[in-house]
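Protein chains in written order, with the working numbering: chain A, 1 to 330; chain B, 1 to 258; chain C, 1 to 650; chain D, 1 to 339; chain E, 1 to 337.
Don't read these hints as lab results, they were simulated from the structure.
We treat Cβ as the ideally placed atom computed from N, Cα and C, and that holds for glycine.
Where hints are given, some of them may not hold.
[Unchecked claim] Keeping only pairs whose Cα atoms sit at most 27 Å apart, straight-line, the calculated DSS-like set for lysine-lysine is:
id : chain 1 : residue 1 : chain 2 : residue 2
1  : C       : Lys593    : C       : Lys646
2  : E       : Lys246    : A       : Lys66
3  : D       : Lys204    : A       : Lys278
4  : C       : Lys459    : B       : Lys14
5  : C       : Lys184    : C       : Lys153
6  : A       : Lys66     : E       : Lys145
7  : E       : Lys246    : A       : Lys134
[Said to hold, decoys possible] Sample of chain B residues at the chain D side, in silico, Cβ under 10 Å:
id : residue
8  : Asp11
9  : Phe143
10 : Thr144
11 : Thr152
12 : Ser153
13 : Trp156
14 : His162
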Amino acid sequence: MTLLSVKNLRAYYRTEVYGISRTVQAVDGVSFDLLPNEIYGVAGESSCGKTTLIKVISGNTKPPLKVLEGSVNYNFNDYKVDMLHISQDELRQNVRWKEISYVMQGSMSVLNPVRKVIETFRDIVDTHERITDKKKFLEQTRAHVNRLGLPTDVLNAYPHQLSGGMRQRVAIALATVFQPALIIADEPTTALDVVVQRGVLQMIREIQTTSGNTVLLVTHDMAVHANVADRVMIMYAGRIAEEAPTETIFDAPLHPYTQHLIHSLPMIGEKSTKASLKGAPPNLADPPGGCRFHPRCPYVMDVCRTKVPDLISVKERHRVACHLVEEGAL
Amino acid sequence: MILLSYNSPYDPGKSFVVPWDLPPSQEHLFGTTSRGQDLFWWLTFAVRNSLFLGVLTAIISRIIAILIGLTAGYRGGWLDRVLMSLNDTFVVLPLLPILILLGFLLRDRMNLFYLAVILGLFGWPFDARLIRSQVLSLKERSFTRTAVYSGTSAFWITINEHLPFVLPIVFATTINNILWSIGMEVTLSVLGLSDLTTPTLGTALFWANQHGALVAGVWWWIAAPALVTIVLFLGLYLLFTSINEFIDPRTRLRLIGG
Amino acid sequence: MKKYTLTRRDFLKQAAAFTAVTALTPPLLGEIPEALLAAQGEEEVAPGVPRNQCLILENPSGTVQPADDFNRWRSGYSAVWVSGLQQLALDALWYIDPDAGVDGVWDNALAAEPPIYNDDFTQMTVKLREGLYWSDGVEFSGDDLYYTVDLIKNTPGMGNQGLFESNVDHMEQPDRYTVVFYLKKPNSRFHAAFTVRWGALYIMPKHIWEQVDDPVAFTFNPPVSLGAYKLRDFDPNGKWYLWERREDWQRTSVARLGEVSVKYAMYIDPGPSDKRVLAQLAHQLDVIHDITPEGRITLARENPTSVGWFPSFPWAHPDPTLPAVIYNNEKPGLDKREVRWALTLAIDIAQVALASYRGAATISAIHVPPTGMYPQYYHEPLEPWLNDFTIKVGGEDYKPYDPTAAQRIADLARPSLGDLVPTDPAIIKQYIGAGWWKYDLQAAEQLMLDAGMRKVNGKWALPDGSPFRVPLMSMNPESNPTMNRAAAMIVENWTTFGIDTSLDSQANPWPIMSSGEYTANLAWTIETWGGHPDLFFFLQYWHSRLYVPSGAPSAGSNSMRWKNPELDRIIEGIETIAFDDPRGVELGLEFCKLAAQEMPITPLMAYNVFTTMDTTYFEGYPSIDDPYTDPVPNWGNTKYMFVKIKPKMA
Amino acid sequence: MSTNGKLLDVQHVTVEFHIGGLVGGTLLTAVNDASFSLESDKPEIFTLAGESGSGKTTLSRLLLRDLEPTKGKVLFEGRDLSTIRKRSEFTEFIKKVQPVFQNPFETFNPLRRVEAYLLDTAINFGMASNRRDAAEVVDNALRNVGLSLDEVRQRYPHELSGGQIQRVSVARALISKPRLILADEPVSMVDASLRMEIVNLFQKLRDEQQVSVIYITHDLATAYYISDRIAIMLRGYIVESGPVEDVLDRPAHPYTQLLKESVPEPTPKQRESWAKHIALGATEVKEYGRIGCKFAGRCPQVMDICRKADPPDVQVGRQTVKCYLYSGHGENAAAGSQS
Amino acid sequence: MRKFILKYLIPRIIQFLTIIFVGITVTYIIPRLAPTDPVEAQISTMMAMGSSLDPASIESMRAALTDLYGLSGSPVEQYFTFWGRLLRGDLGPSLDNFPTPVSKMIGQALPYTLRLLIPAVIISFIFGNLFGAMSSYYPKNKALKVIEVLGQVVRSIPYYIVAIVLLVTFSYFIPIFPFSGAYPIGTRPDWSSLEFILKNLEHAVLPAATLILVGFGGWFVGMKSLTSNIISEDYVVYVETAGLSKNRILIHYIIRTAILPQFTALAMVLGTVFSGALIMEVVFGYPGIGSLAIRAIYSNDYSMIMGITIYSIIGVAVAVFLMDLLYPLFDPRVRYQ
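My request is simple: use the sequences and hints to build the entire structure.
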């Protein structure tokens, strides 16, 4: 059984400024499944399409973003949702927060700076389950916050009175008030210090372990994936480069890009020279033909320049899109 | 309409050149006034003069606003405090009574040029404040520091780094300023405190009032300038919003492909 | 041009497009059946005051601030003076009517007979009427007169204090109803201070004022009345004053002239001209002081119950006041007679009359207003002289007088106003005036050259080539735009002639005039009694001993700074003869001739006030056919209206 | 040329700010009694590491004379920075000390072409007298970072990749041939695949151009990778400093230990130990206001004395550590340093 | 707290006092540069009104008035006397309406102006901000677009034209509102009578509508530009994805934050609104400060002009100052830090 099944998703941005139109192929033929009870990591550099992917699967497709083809289907304990065709009302009432919630990029600023934290809780709870008993709501919220190991007095604080880490954890608490089936965490720790980052990620993991739901963890930081995710998907230029369980992907990465990502990272206690890839990530308004990684690939072959590599399964749960693998060179 | 004024068959300074009190007709598009002037042609001069006033005021007040806004914002410190005190003083001064008093003081010397200068001297504080706050935030951005450590002087930083961001504000406020000054002229004229022999939108209404146009049934003498004012304002507003969108750095960024 | 010959239907259609001023109000209010009107008249304008018993008049001074200060004797001016106070509640010794008067021009009001001077004018005896009472029941007597003059003489800060201080040596009260003034120096016009022409010294109730510590600060609220009315109520914001006829109105000085039939009178601030027109169209304002000529024309066309001084064009009551182009005779260029004459000949009076009054002006070529009894006193006797009068232009005699000017104005106004403009030359002469000065730019140019002026780049310059700027100041009060309109036209005329001029429109030009901070100015420095030919009223200020150069306030009305030995002689002649001496008119004619030659100011026309009265509820207003007084409601003299006006539905 | 051969000598500087609050604002000590120095004749890469709010950025602004210290002084080539008053003196100073900022896209005005900054720099510092000479100077600088003027000519910042533009930023800093470059988080905004080329660049500068670099970062992994010495900052204090291998391989201060332990390794091998529960700090302000050791609130080895007074600087091997554990107060003094 | 006083309060008070001082001095100087003086204005008004005055009488009156009005002595001496009186709270007597104190007359007129100005400003503030926020939150709404353009245009149209259009339309064309005054002629103001208050409201509709219409556009535009940044703020996007209703987001998340700078602006524009009220009162014959000011200006009543401008300057300066002080109450970010 899958929680989410994304098939051949193609989502482009179409903009027009003073007659100059631009198409950004942000997500270009992406297929993957999310399973219940896992932490699924999505990795990739800036503008590789990971944020767009989240927008589409969470039903936030607004112009200029447009889905050209593909499907996004959820199955929340037999409550089936076709995200590309669901009505806004149903999405708002039944899916958002009840089944899918978010911990957003820059969660530091997701709290209204001029309202107390408790009021944001009240707004969200009231929206989905009308609050009739204020006392009960307060008690439940306190209990929820406590359960997550946060002091209850954060509820009566204004956001700026809390440290960044605390704000992020409040955001996580907000995301989990209804025990959703899926939590999408988009770069949840990017702006945080390492110590705080560690605490926040621990919290996400604990919640996932105890409630058995699914976390979609999006971050560019491979080290975070290494320590948190169960499975990892590597995106490059709007496409999936490789997807595998964490152990596999770190032990035996198949795609040259994945290999570079993992091996180029410096580690404390190790001073061997590391190098960058040549070139820069492609402009998705005008991506290179064939394999989009080919201009930077150290093992580039002729076929790479013309043919888009298929995403093939090499082992169980390990998929990769590379001509080298297809041709058995690796 | 402005261009038309150069083709006018009538001298706006002359009365009784056409039959008076004629309602709008093909021959006299907006009718004629009780002073025997063709209202349409007369208003072509009025629009020209009002626009001249508006633009001149805007230029003067923009220059002051930019100078003070940029200086206060970038230099900061005591200079900022002094300039902002000055700014606030201008904000609290009751403008209209002062303008009326100045009207008395200057008497017939209060022509469009002086009026523009005076309005220009009063029309900058809100915009200077806006520019200053923009500069304050620009000052904190890294590229300003880059320029500082490139050895660039404060003057050139202001011109090269900050002005491009400030210009859209300047431009957006220009339209408001133009309309404001045209409006002020109307107000002063209606009270009889401007140069009444120069055709403007305000003096049109003044003379119409002086001739009891409303009560005499010469409604076109009031309706035409009021309508022209509204259409002019609407037109200028729409023109400027579209130009403004065009020169906005965000638009520019999108255009250069950012 | 066809505007006023449109059918009513067309007219409505036009007006409806933008304003219903003339379109909706007439159908709504103008065509209300009489029966409905009668019922309307029962409406109350204030608690207990029915509309048809209450005459509503415009207070031309507008809103009264502060509203509760009735001290008429203090220095300075307050709108409260004319909110009914000086018309209805106060009384003076004598009145001179600007027109014919109820019973002659001169009226002995509180006084029983005219002033009795001794031979050398150092003593003036006043005999008072008996049996007049203050509204609080106290009898009026010589004590009040004595007390009033004494208090003012000794209290700085009271108006006229200087007059009495410098004139009155002491007073005697030989009996209860007689007061004798012993003067410090001869003064043949001392009674003028007590004689109402618009206003004068009103008498105070001694029994009230003697209890007051500080007469300057005293507010005299409520005012104790010596007139036929007493104050009933007033608006603390000064928008209206309601007066009520005294039960004992017969114990006041007007009673002997007729029955006071109007029970209530209310002076209000009806707002600017357009609003006054609307108010009268709605029959909510019986007496309008003044409106724009256009407003008057609208009333003439739309409201049959509105009447004016003249039954038709130009309707207006001409004030005994002479609007003129006043030159500052001290300014370079304007100190030359030729230049002043050139500027006069560069004015097209017909255009000025059209622009200002739409032709509804009463023009005057000479330096006295063509109003009241003055045409008989001065204009008609001078006509032959004017026809032959010459000035030197380029060394040759030139006849500047144009006897057809009024006719020209009538002809020009007719296309626009049609039948409203009279055609009978005699009527035109009576209504619009006689001739004026020619519009002759060639002669004007020659005069300028005679004066040594030069033309530089198409503009006239002083002999030394420096600019000759003649900005024309004009008065532009909210209430009446005609002067400003005239000035704008003259500016246009002068510009055509090549004068570097501009319009300097002032809401209150008087103080600027007084200090001489102007070059040319459209206003008046000549006002007359109207009914009485004595010119000392304004000439008293024009003697060179009172001359003050520009920069300091002029003493009275010689704001043009004119100084002339011949003039001094005329003035000295007048002040040494008695008020009613027939030689006075002769000296007056001499003055007119001198002024025409010197042209210190260019006379234009009468100050026409479009006083308009509604006959819906009241009738008996003064008019040219029954000129018993002027209808202009801020004049103290309008108290006489109240013995003639009768309610229609009593 | 300079006294006691120091290129840069930071002597007990303290920076205090009055922070915003309208009602009862507080005094915040952003940098507290910090001292370190760089040798004049031995170019090195010196890392200032710490979390956000540790004072490292404030310290860097101090070194750029963007701020003046409340106490203490900063000497550059023997000259006290606070004596720089005239504009010409300031220009002379920044000719030798140049910054590289964190966000490459913010470093340059998005509305200006990047070459303008490069040419300006060359001319303003008198490296060239006209535009043509300047172009050559600029081109040389760009070649040092692996670019050329032709590649950046007519380009707006967003038309270059983050890695390129950060290299342009370094090139700009190099134009005036500075002795010292202050790089504030130069790679944190750069994509991982491009990061190392920047980092490597600093090493190249040190080795080939004799430029010292102060590398300011929260990223201990890159710090370890490129720097010679490191100073760890916490709430305004330098709590530990020394050669980078010593400090990061054998951290002595409990805070450094926690920091190092918290850095996720890009390998799933230490998942379990990394997931060990840790105590998080209270709000920044609270910790700033703390008397004594700022870390006392979450230190696993906290002692009473830690909460009473600032710990002394103690020399432990080649490291300097601000901790009571090493000043004879602690019983298991060496315990932490081996973990 | 000490620090708050030293670092925040004192500089602000100094600035506040400086502004008032400079402002008052400027308005002190300007009327005195005019070519006329109030004594002359009084005398010439009497003359122009047709009173016959003896030359001696005029001279003595001139001396008496100059003395009474406190206009004797050099301008500098007068200036110091003026401050001396002002600091004792004495604005002096009105010169045009001598000896009524200026403060008494202002006291009588001020309530009328305030009763009109305050509701009008509040209404335009509320609606302008509400619609402004809505228009940036619902960018596709056609009706809001129309409102925006109208608001923008009306806001720049002179008060006079708006007033006259309203007056003509609703008093003449569709005669549903009275065209002058604050209550009918013949009625005495009685604020305890409901009937009177209703009458007053009826008279206040058009004047207030003028102020509201003109004021609306400014708030609208200001709010729109403020909210256009806020609608893309994380906390708004966040609650949108959390499924909060649009209205709740608009009010609690968008307006609640964006309104803060508008409060400061509210204090700042009071001066402008005052100018508008002046014109409006002239057009509608409303018995407030504006009517008083115009009359004073026309009659060169220095003390009244000074009195009104002093009230206005202090009023606006105090409003700005208070807004500065109160701002922390509205914005918790500033309050606790």
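Task: Hint check, Trp156 of chain B versus chain D [nearest Cβ-Cβ separation less than 10 Å] - done: holds (8 Å)
Task: Per-residue hint verdict: His162 of chain B, partner chain D, C-beta under 10 Å - done: holds (9 Å)
Task: Agreement of Lys66 of chain A and Lys145 of chain E with the hint, judged by alpha carbon distance not exceeding 27 Å - done: holds (26 Å)
Task: 27 Å Cα cutoff - pair Lys184 of chain C, Lys153 of chain C - done: holds (13 Å)
Open item on the list: Run the distance test for Lys593 of chain C versus Lys646 of chain C: straight-line Cα separation, threshold 27 Å.
Closed with: violated (45 Å)
- [ ] Go through the hint on Asp11 of chain B and say holds or violated, using the shortest Cβ distance to chain D against 10 Å.
- [x] violated (49 Å)
- [ ] Please work out if Lys459 of chain C and Lys14 of chain B have their alpha carbons no farther apart than 27 Å.
- [x] Distance of about 17 Å is within 27 Å: holds.
Open item on the list: Against the 27 Å threshold, does the CA-CA distance of Lys246 of chain E and Lys134 of chain A hold or violate the hint?
Closed with: holds (22 Å)
Task: Status of the Thr144 of chain B interface restraint (C-beta, 10 Å, chain D) - done: holds (8 Å)
Open item on the list: Check whether the Cα positions of Lys246 of chain E and Lys66 of chain A lie no farther apart than 27 Å.
Closed with: holds (23 Å)
- [ ] Below or equal to 27 Å on CA atoms is what counts here, so check Lys204 of chain D against Lys278 of chain A.
- [x] With Cα atoms ~18 Å apart, Lys204 of chain D and Lys278 of chain A stay inside 27 Å; holds.
TODO: For the hint on Ser153 of chain B, just tell me whether its beta-carbon gets within less than 10 Å of chain D.
DONE: holds (8 Å)
Violated hints for the displayed structure, listed by number in ascending order: 1, 8.
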